[in-house]
Amino acid sequence: MINIGIVEDKESELDNIKRCFYGYYRGDCGFQDYIIDEYGEKEELVNKILDDILNTRIDVLVVDYLISREGFKIVGNEVYESVKRHIQNFPVIILTQYVDDSQRSEIIDPDKVYRKSIFFDINTQESKDSLKNIDISIRNFQRQKEKIEQKILYEQQKIKDREIDPSVLINLSELELNLNKYIVSDSATELDKLFDTSQLECAVKLIKDLGEL
Numbered sequence: 008m009i010n011i012g013i014v015e016d017k018e019s020e021l022d023n024i025k026r027c028f029y030g031y032y033r034g035d036c037g038f039q040d041y042i043i044d045e046y047g048e049k050e051e052l053v054n055k056i057l058d059d060i061l062n063t064r065i066d067v068l069v070v071d072y073l074i075s076r077e078g079f080k081i082v083g084n085e086v087y088e089s090v091k092r093h094i095q096n097f098p099v100i101i102l103t104q105y106v107d108d109s110q111r112s113e114i115i116d117p118d119k120v121y122r123k124s125i126f127f128d129i130n131t132q133e134s135k136d137s138l139k140n141i142d143i144s145i146r147n148f149q150r151q152k153e154k155i156e157q158k159i160l161y162e163q164q165k166i167k168d169r170e171i172d173p174s175v176l177i178n179l180s181e182l183e184l185n186l187n188k189y190i191v192s193d194s195a196t197e198l199d200k201l202f203d204t205s206q207l208e209c210a211v212k213l214i215k216d217l218g219e220l
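Each residue of the sequence shown is one higher than the one before, counting from 8 in my numbering.
Some hints could be false.
As the list claims (entries may be wrong) - Derived DEER-like restraints, expressed as beta-carbon distance ranges:
| # | residue 1 | residue 2 | range |
| --- | --- | --- | --- |
| 1 | K139 | D40 | 21 to 27 Å |
| 2 | D40 | D118 | 23 to 29 Å |
| 3 | S174 | G47 | 49 to 55 Å |
| 4 | S174 | I129 | 50 to 56 Å |
| 5 | D44 | Y105 | 37 to 43 Å |
| 6 | K167 | Y105 | 49 to 55 Å |
| 7 | D40 | L61 | 17 to 23 Å |
| 8 | K17 | L61 | 25 to 31 Å |
| 9 | Q132 | D172 | 49 to 55 Å |
Said to hold, decoys possible - Keeping only pairs whose Cα atoms sit at most 25 Å apart, straight-line, the calculated DSS-like set for lysine-lysine is:
| # | residue 1 | residue 2 |
| --- | --- | --- |
| 10 | K91 | K25 |
| 11 | K17 | K123 |
| 12 | K55 | K25 |
| 13 | K152 | K165 |
| 14 | K55 | K17 |
| 15 | K135 | K17 |
| 16 | K119 | K91 |
| 17 | K188 | K154 |
| 18 | K17 | K119 |
Hints are computed from structural coordinates only; laboratory data are not their basis.
Every residue gets a Cβ at the ideal spot worked out from N, C-alpha and C, and that includes glycine.
Taking the hints into account, I'd like the entire structure generated from these sequences.
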């Protein structure tokens with residue numbers, strides 16, 4: 008089942024978003040609403056979203072471009088950019104009536120911005136294609152993350168089975184860098200878990216001596 012996080016301040020539009028996804032997934036989906044009234048600051052909202060991503064409570068985030076209530080006004084770009092800074096490849100979608108404005112940010116992928124009037128018209132091919140593209144983004148994210156995690160486990164087993172090999176450490180570090188695009192940052196890497204600092208220093212020195220760095 009696909010779980011969809013939604014940042015939207017208008018109840019009618021929230022219902023429209025759910026209707027679109029519910030129809031596409033034929034009911035096999037769940038929703039996490041981020042009610043703006045429950046958050047005093049943008050950072051508080053973003054922290055909640057990141058926690059839900061970390062604990063796999065949402066598989067995609069859909070953000071309204073303009074969110075406004077008394078004492079709280081943010082642009083969807085800000086949420087998009089904040090989430091992407093912590094987990095680069097997580098699928099984040101922006102829905103808006105102002106496509107040109109929402110695409111001003113250099114960080115935002117134009118393919119992840121959809122006009123509401125088109126997206127909500129679920130009987131059109133363009134709406135169906137939009138939902139299909141979002142689903143592809145979700146599946147690709149999940150597939151790539153799992154693929155990298157499996158490769159890390161494979162490299163870890165090599166280390167357990169024999170002496171520390173510089174090439175294995177290089178492969179593992181490269182995989183860690185790639186995995187960081189698929190997990191919420193500021194968490195310990197697998198290298199951190201496998202070795203203490205002194206072991207890592209010795210490994211790095213060995214690699215340098217071999218001319219690998």
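Checked hints:
1. Checked against the hint of 21 to 27 Å, the pair K139 and D40 passes, with Cβ atoms roughly 24 Å apart.
2. Between D40 and D118 the Cβ separation comes to about 25 Å, which falls inside the hinted range of 23 to 29 Å.
3. The supplied range of 49 to 55 Å is met by S174 and G47, whose beta-carbon atoms lie about 50 Å from each other.
4. In this structure, S174 and I129 meet the distance hint of 50 to 56 Å, their C-beta atoms being roughly 52 Å apart.
5. Against the hinted window of 37 to 43 Å, the Cβ-Cβ separation of D44 and Y105 comes to about 24 Å, which falls outside the hint.
6. Between K167 and Y105 the beta carbon distance is about 54 Å. The supplied range of 49 to 55 Å therefore holds.
7. With their beta carbons about 18 Å apart, D40 and L61 fall inside the hinted range of 17 to 23 Å.
8. In this structure the hint that K17 and L61 lie 25 to 31 Å apart at CB holds, the actual value being about 28 Å.
9. About 53 Å separates the C-beta atoms of Q132 and D172, a value consistent with the hinted range of 49 to 55 Å.
10. Restraint check for K91 and K25: satisfied, since their Cα atoms lie roughly 23 Å apart, inside the 25 Å limit.
11. For the proposed pair K17 and K123, the alpha carbon gap of about 13 Å is at most 25 Å, so the pair holds.
12. Using a Cα cut-off of 25 Å, the hinted pair K55 and K25 holds, with the two alpha carbons roughly 20 Å apart.
13. Distance restraint check for K152 and K165: the Cα-Cα separation of roughly 20 Å lies within the 25 Å cut-off, and the hinted pair is therefore satisfied.
14. For the suggested pair K55 and K17, the alpha carbons sit about 20 Å apart, so the restraint of at most 25 Å is met.
15. For a cut-off of 25 Å, the pair hint linking K135 to K17 stands: about 23 Å separates their Cα positions.
16. Between K119 and K91 the alpha-carbon distance is near 13 Å, which keeps this suggested pair within the 25 Å criterion.
17. Proximity of K188 to K154 is assessed by CA-CA distance (about 13 Å); at most 25 Å being required, the pair is judged to hold.
18. With a C-alpha separation of about 21 Å, the suggested pairing of K17 with K119 holds against the 25 Å cut-off.
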